[in-house]
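With chain A held as given, fit chain B onto it using these hints.
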Amino acid sequence: ETGVTQTPRHLVMGMTNKKSLKCEQHLGHNAMYWYKQSAKKPLELMFVYSLEERVENNSVPSRFSPECPNSSHLFLHLHTLQPEDSALYLCASSHGTDYGYTFGSGTRLTVV
Amino acid sequence: QKEVEQNSGPLSVPEGAIASLNCTYSDRGSQSFFWYRQYSGKSPELIMFIYSNGDKEDGRFTAQLNKASQYVSLLIRDSQPSDSATYLCAVNVYFGNEKLTFGTGTRLTIIP
Numbered sequence: 001e002t003g004v005t006q007t008p009r010h011l012v013m014g015m016t017n018k019k020s021l022k023c024e025q026h027l028g029h030n031a032m033y034w035y036k037q038s039a040k041k042p043l044e045l046m047f048v049y050s051l052e053e054r055v056e057n058n059s060v061p062s063r064f065s066p067e068c069p070n071s072s073h074l075f076l077h078l079h080t081l082q083p084e085d086s087a088l089y090l091c092a093s094s095h096g097t098d099y100g101y102t103f104g105s106g107t108r109l110t111v112v
Numbered sequence: 001q002k003e004v005e006q007n008s009g010p011l012s013v014p015e016g017a018i019a020s021l022n023c024t025y026s027d028r029g030s031q032s033f034f035w036y037r038q039y040s041g042k043s044p045e046l047i048m049f050i051y052s053n054g055d056k057e058d059g060r061f062t063a064q065l066n067k068a069s070q071y072v073s074l075l076i077r078d079s080q081p082s083d084s085a086t087y088l089c090a091v092n093v094y095f096g097n098e099k100l101t102f103g104t105g106t107r108l109t110i111i112p
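Line by line, the protein sequences are chains A and B. Reading the first sequence from the start, the letters are residues 1 to 112 in this note's numbering. Reading the second sequence from the start, the letters are residues 1 to 112 in this note's numbering.
Pulled out of the complex, with its shape left as it was, chain A reads as follows (with noise of 0.2 Å):
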């Protein structure tokens, strides 16, 4: 498989879930982003890792956990979240960003 690869792809989830997105790329990039992404709204940088460690939290709020186990996988586990929180999460890796990011295809959140 090639690419950046993004589970689940559509995600419902009550208020008092536990969930986690998961991420995976195979194209021996260094460095993996979170992004979410509002209607009518930029897209927002939540986090990125470089070479497995954290190096931007950008203000995101607790229930949001990011997690890097290798530079390959990446996670973020949510919990206890608000419906303005749905949203699409891509997740994204690249080698430096002269060369840009390579996107997943993102998983569509919905709260309820």
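If you are wondering where the hints come from, they were derived from the structure by calculation, not from laboratory data. Mixed in with the good hints, there may be bad ones.
[To be verified] Rough simulated footprint, nothing fancy, chain B against chain A, three-plus residues with beta-carbon under 8 Å: (1) 33 to 42; (2) 45 to 57; (3) 96 to 105.
[As the list claims (entries may be wrong)] Derived pair list, reagent style DSBU-like, types lysine-lysine, alpha-carbon separation capped at 35 Å: (4) A/22 to A/36; (5) B/67 to B/42; (6) A/36 to B/67; (7) A/41 to A/18; (8) A/40 to A/18; (9) A/41 to B/42; (10) A/36 to A/18; (11) A/40 to A/22; (12) B/56 to A/41; (13) A/41 to A/22; (14) B/42 to B/56; (15) B/67 to A/18; (16) A/40 to B/67; (17) B/56 to B/67; (18) A/36 to A/19; (19) A/41 to A/19; (20) A/22 to B/67; (21) B/67 to A/41; (22) A/19 to A/40; (23) A/19 to B/67; (24) B/56 to A/19; (25) A/40 to B/56; (26) A/36 to B/56; (27) B/56 to A/18.
[As the list claims (entries may be wrong)] Now the in silico label distances, taken between C-beta atoms and shown as ranges: (28) A/65 to B/15: 42 to 52 Å; (29) A/79 to B/112: 39 to 49 Å; (30) A/10 to B/45: 11 to 21 Å; (31) A/41 to B/52: 28 to 38 Å; (32) B/46 to A/53: 24 to 34 Å; (33) A/98 to B/78: 44 to 54 Å; (34) B/112 to A/67: 19 to 29 Å; (35) A/65 to B/77: 41 to 51 Å; (36) A/51 to B/71: 29 to 39 Å.
Each residue gets a CB set at the ideal place from its N, CA and C atoms; glycine is no exception.
Just chain B now, with coordinates in the frame of chain A:
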């Protein structure tokens, strides 16, 4: 001032005409510039990147960069209905670590 600005559109262009998409950015230190295409419900896909002032052509796409004016544009020649999508401009910004900052995107519709 927003870091990366785009006209949100929608921009409607007749099939076969030239579509022109524009983007301005605020950080004069930016070095790399990207155009992503995002179909509805899909993730962004990198279609062009440019680093130097001037034009860069790839098939029907031409990216134009003017660093003095902090302006980058994308021209699509011989527009096709399949070009209908949202086009995101992205700029690399270095704040201790590099990341891409995205505009809100311009929605383009090609009218048959």
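Of the hints stated earlier, which fail here? Numbers 15, 20, 23, 24, 27, 33 and 34 - these are the hints that the structure violates, sorted from lowest upward.
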